[in-house]
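Peer 1: If you want the building blocks of each chain, they are given just below.
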Amino acid sequence: MAKNYNLPDMQGHFGSYGGTFVAETLIAALEELRDQYEYYRNDVDFQQEYARELKFYVGRPSPIYHAKRWSELLGGAQILLKREDLNHTGAHKINNTIGQALLAKRMGKKRIIAETGAGQHGVASATVAARYGMECVVYMGSEDMKRQAPNVYRMKLLGATVVPVDSGSKTLKDALNEAMRDWVTNVEDTFYIIGTVAGPHPYPMMVRDFQAIIGRESILQMQEEYGCQPDTLIACVGGGSNAIGLFYPYIDNKNVSMIGVEAAGLGINSGKHAATLLTGKPGVLHGNRTYLVQDGDGQIVETHSISAGLDYPGVGPEHAWLKDIGRAQYVGITDDEAMEAFDMLCRHEGIIPALESSHALAYAAKIAPTLDKDKLLLINLSGRGDKDIDTVAKASGVVF
Amino acid sequence: MSRIAATFKNLKQNNRKALIPFITAGDPDQAMTILLMHELVNVGADIIELGVPFSDPMADGPTIQRSYERALKHNISLENVLEIVAEFRKTDTETPVVLMGYANPIEAIGRQKFSVRAKECGVDGVLVVDYPPEECEEWLESLELNRMDAIFLLSPTTPERRIQQIAKRAKGFVYYVSLKGVTGSAHLDLNEVSNKLIDLRSHISIPIGVGFGIHDSVTAKAVSELADAVVVGSRIMKEIEESPREKILINISEFVGSLRTAIDK
Ligand SMILES: Cc1ncc(COP(=O)(O)O)c(C=O)c1O
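Top to bottom, those sequences are chains U and L.
At position 291 of the first sequence (counting the first as 1) the number is 291 in my numbering, and the numbers step up by one without a gap.
Every number in my numbering is 400 more than the matching position in the second sequence, counting from 1.
Hints listed in this document are in silico derivations from the structure and should not be mistaken for laboratory results.
C-beta atoms are modelled at their ideal positions from N, C-alpha and C, and glycine is treated no differently.
One thing to keep in mind: the hints can contain errors.
Part of the chain U face toward chain L, derived, beta carbon under 8 Å [as the list claims (entries may be wrong)]: (1) Gln11; (2) Phe21; (3) Glu24; (4) Ile27; (5) Lys173; (6) Thr185; (7) Thr279; (8) Leu285.
The shape of chain U in the complex, shown without the other chains (with noise of 0.2 Å):
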């Protein structure tokens, strides 16, 4: 575990990055939130049962899988996936949820909130708040609900009210705004379910603490399959759950290398993509320092990737702060990479991957046959591609 490695500080400051820019009117609720969450991590009874809930009801551990024929295929470095597709609801998005569910249960929360991108945070909030008895209302892009309209129809099977948001670019930043709005109104009975590991402080420490489940199994079953631990991780990054939740328990280990996948979109010299760290610059935006996307008037641009949960501004502070000292990587890659590895799962390795993780396993697809064949990659497949097969088919120009 990271043992050298401390951040954030109390105020939530991964160096210059994280914090706490919200108005006054969430303070109040960010500090209860903050006290409660310092509370119940160090709570034996928390603990026990969210292990009890991650493994009876979403499934984990989670395997790793060694995808041989694609590895001989690429005639190099050998892949292996850590199956986060294969948890109940189809992501690595339960872990978190879970987790916050079941901290809004302590605090007595009856109402929780979520924002959605791709819908499977949304689809994994709706999930927790059919499994806990609580009222569940998810805002989403109304742009982003029709590229994913079945995660739509899941919220609602699932008793989720899913409120459609106009606002600027109709994405996940302006669901995020809305969410926080809901909140500020309603912060006595309302608990904030927030997807990934952006927004202010402790948003980005709790979302990696309950997402580094990931790493923590990974290291233990690499040791016990391989006996020795991937010589690089990769995950994608939108705001950057998967990738730190696999990531943070290695952050020690300098031996392994770190590898975050942005969107490239059309291409990074397009302006129409969501690489964030690549070609974005430090500000302020939900409430945390890190990098954006934006112009050179500080306002944050409208970003695109095939993927919906890689079309994000920002990105979780923690990667600014690994990307600024040089403890990860980042890179990028374009939808089209992205489907032909999408394509590349499917029909060697009988795995439909979400497009967001096939980012991941386009880049992976691209150094596996430069490095040795006794070379590990461990590659995040942060979610199945059942939601996204719309997407593939039309991009295919098939129509159903």
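Given the structure of chain U, go ahead and fit chain L with the ligand onto it with the hints provided.
Peer 2: This is chain L with the ligand only, laid out in the frame that chain U set:
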């Protein structure tokens, strides 16, 4: 003495309360904003709060969000907002102007550089919604260096310990957000405001303005009896949104004038 402090001193001597209208800079356009500022002063505004458009105004309700979107459609930048203030200052050297906005446009220019430029253009105070006191030491230094007031928000949920913390840093006046929620929310609990103000006054020596939820003469008058200043925003922006361009000046003039009359009664 700063322009803001002088204004409040003057009001107090005359036993009057301040009226602080908020308008979004650049909605519907820069030229109209300058005309509006002068008109607001004509009909009795004591301080003008200028909203700096931002793409992601997390603490604002739909009315102000839409006004920011209209302004951003023609790319109003923070520099443009400062130009508006400079233009206003050519003929009005007395009315304090307070900028209200979000951190990122300021950070894009650079805090220090912004402060120098804002002072140059005649800005008197700045309220950055997402700079709470614990995150803005450097920012406060740059404001102080350039002799501008740091305006802070207080909310019904602000605990005593923080009120004291903010009281130490706040200059000009503090802005008490009279209800939970975003700008433009509907109801206003006068009893709660009254109780809270008693509490706030025991810690805060500078004037206290109250805003959020003030939408007509009756609410404006009621709040003016409790606070030192009445801040009205969303209701004005709604008027701008709904008025045809040629009617904006006259409609805003009438509305704000009616608030002044009610407060002075
Ligand atoms: C399957 C999957 N992977 C990745 C992401 C990106 O989020 P994060 O970077 O927080 O892991 C999402 C977001 O919706 C997702 O659904």
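Peer 1: State for each hint whether it applies.
Peer 2: Verification of the hints:
{"no.": "1", "hint": "Gln11", "in the structure": "holds (7 Å)"}
{"no.": "2", "hint": "Phe21", "in the structure": "holds (4 Å)"}
{"no.": "3", "hint": "Glu24", "in the structure": "holds (4 Å)"}
{"no.": "4", "hint": "Ile27", "in the structure": "holds (6 Å)"}
{"no.": "5", "hint": "Lys173", "in the structure": "holds (6 Å)"}
{"no.": "6", "hint": "Thr185", "in the structure": "holds (4 Å)"}
{"no.": "7", "hint": "Thr279", "in the structure": "violated (15 Å)"}
{"no.": "8", "hint": "Leu285", "in the structure": "holds (6 Å)"}
When held up to the earlier numbered hints, the structure conflicts with hint 7 and nothing else.
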